[in-house]
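**Student:** Okay, here's what each chain looks like letter by letter:
There are 2 protein chains.
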Amino acid sequence: MKIKKLIKKTEQPALNATLRVYLGEHKFFGPGKYELLKHIHTLGSISQAAKAMNMSYKKAWDMVNDLNENCNKPIVMAQTGGIKGGKSQLSAEGLELMKAFEKIQHKFNQFLEKHIDSFLNHK
Amino acid sequence: MKIKKLIKKTEQPALNATLRVYLGEHKFFGPGKYELLKHIHTLGSISQAAKAMNMSYKKAWDMVNDLNENCNKPIVMAQTGGIKGGKSQLSAEGLELMKAFEKIQHKFNQFLEKHIDSFLNHK
Chain H
605 MKIKKLIKKT
615 EQPALNATLR
625 VYLGEHKFFG
635 PGKYELLKHI
645 HTLGSISQAA
655 KAMNMSYKKA
665 WDMVNDLNEN
675 CNKPIVMAQT
685 GGIKGGKSQL
695 SAEGLELMKA
705 FEKIQHKFNQ
715 FLEKHIDSFL
725 NHK
Chain F
605 MKIKKLIKKT
615 EQPALNATLR
625 VYLGEHKFFG
635 PGKYELLKHI
645 HTLGSISQAA
655 KAMNMSYKKA
665 WDMVNDLNEN
675 CNKPIVMAQT
685 GGIKGGKSQL
695 SAEGLELMKA
705 FEKIQHKFNQ
715 FLEKHIDSFL
725 NHK
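Those protein sequences? They're chains H and F, same order as listed.
Remember, the numbering used here sits 604 above the position in the first sequence when you count from 1.
Remember, the numbering used here sits 604 above the position in the second sequence when you count from 1.
Derived from the structure by calculation, the hints contain no laboratory data.
Please note that a few of the clues may not be correct.
[Unchecked claim] Cβ pair distances, simulated, as ranges:
1. H/G648 x F/M605: 32 to 38 Å
2. H/D666 x F/D721: 24 to 30 Å
3. H/L699 x F/S660: 45 to 51 Å
4. H/W665 x F/M681: 30 to 36 Å
5. H/T614 x F/M681: 19 to 25 Å
6. H/N620 x F/M657: 18 to 24 Å
7. F/K642 x H/K703: 25 to 31 Å
8. F/T646 x H/G636: 49 to 55 Å
9. F/Y638 x H/Q693: 50 to 56 Å
10. F/M657 x H/Q693: 43 to 49 Å
11. F/K727 x H/T646: 19 to 25 Å
[As the list claims (entries may be wrong)] Derived pair list, reagent style SDA-like, types lysine to any residue, alpha-carbon separation capped at 25 Å:
12. H/K703 x H/D721
13. H/K608 x F/M702
14. F/K703 x H/E615
15. F/K609 x H/Q709
16. H/K606 x H/K631
17. H/K631 x F/N620
18. F/K612 x H/E700
19. F/K608 x F/R624
20. H/K703 x F/N676
21. F/K707 x H/N620
22. H/K609 x H/A682
23. F/K691 x F/M657
24. H/K613 x F/M657
25. F/K703 x H/D721
26. F/K707 x H/T622
Where is the CB? At the ideal position from N, CA and C, for every residue including glycine.
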């Protein structure tokens with residue numbers, strides 16, 4: 605019996621998974637940091653980016669520091685100044701990191717869409 | 605700059621993700637249920653399987669019931685009897701479900717191994 609006949613079709617079956625790059629046990633990069641970088645790039649500010657993501661300012665800074673610390677070049681260049689800091693922008697390397705992740709995320713989504721069919725048609 | 609030059613190599617970078625089959629928002633199947641079925645198949649008992657996984661008996665039963673309820677045929681055939689029940693075994697459909705998942709999990713692992721390289725070599 606094909607799996608698609610076996611499953612009661614209350615809702616459409618789908619494969620789902622969260623793609624992350626690890627360094628050993630450490631979560632180096634994933635959708636959370638990707639989204640944060642995207643917001644920093646658009647808004648030019650870590651505090652604004654944190655607000656847009658409903659995330660604490662501290663948490664956003666921790667994520668930025670973690671990225672900068674694990675890379676040989678800064679990913680986010682933050683200018684301190686004023687209450688809750690000044691403007692921040694992504695370095696060229698930060699933009700490349702985003703692009704590299706977008707590329708594998710895209711392939712990953714294609715994989716998930718394709719393989720739900722192999723799963724459902726297994727017999 | 606290639607991502608692999610950008611990342612400080614404290615530890616070997618790797619892609620990681622947990623593959624799951626969803627029915628809408630509901631987690632229908634994934635590594636946890638797969639492992640539980642495997643143990644039930646080997647040990648012939650839900651309570652023994654729960655023990656092997658360091659999981660409560662109730663939790664194991666909830667997972668088995670969830671599978672059975674979402675399928676048109678039973679996945680685990682449980683015989684009640686005695687304290688904490690009697691013998692249990694996988695149906696043919698339960699074995700097929702495991703095989704179908706193994707197949708996509710294998711492809712998935714291959715995907716992750718292959719695409720960490722595209723990520724690291726992005727420039």
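**Student:** Going through the numbered hints above, which ones does this structure break? Give me the numbers in ascending order.
**Tutor:** When the structure is compared with the hints, numbers 1, 4, 7, 8, 9, 12, 16, 19, 20, 22 and 24 turn out to be violated.
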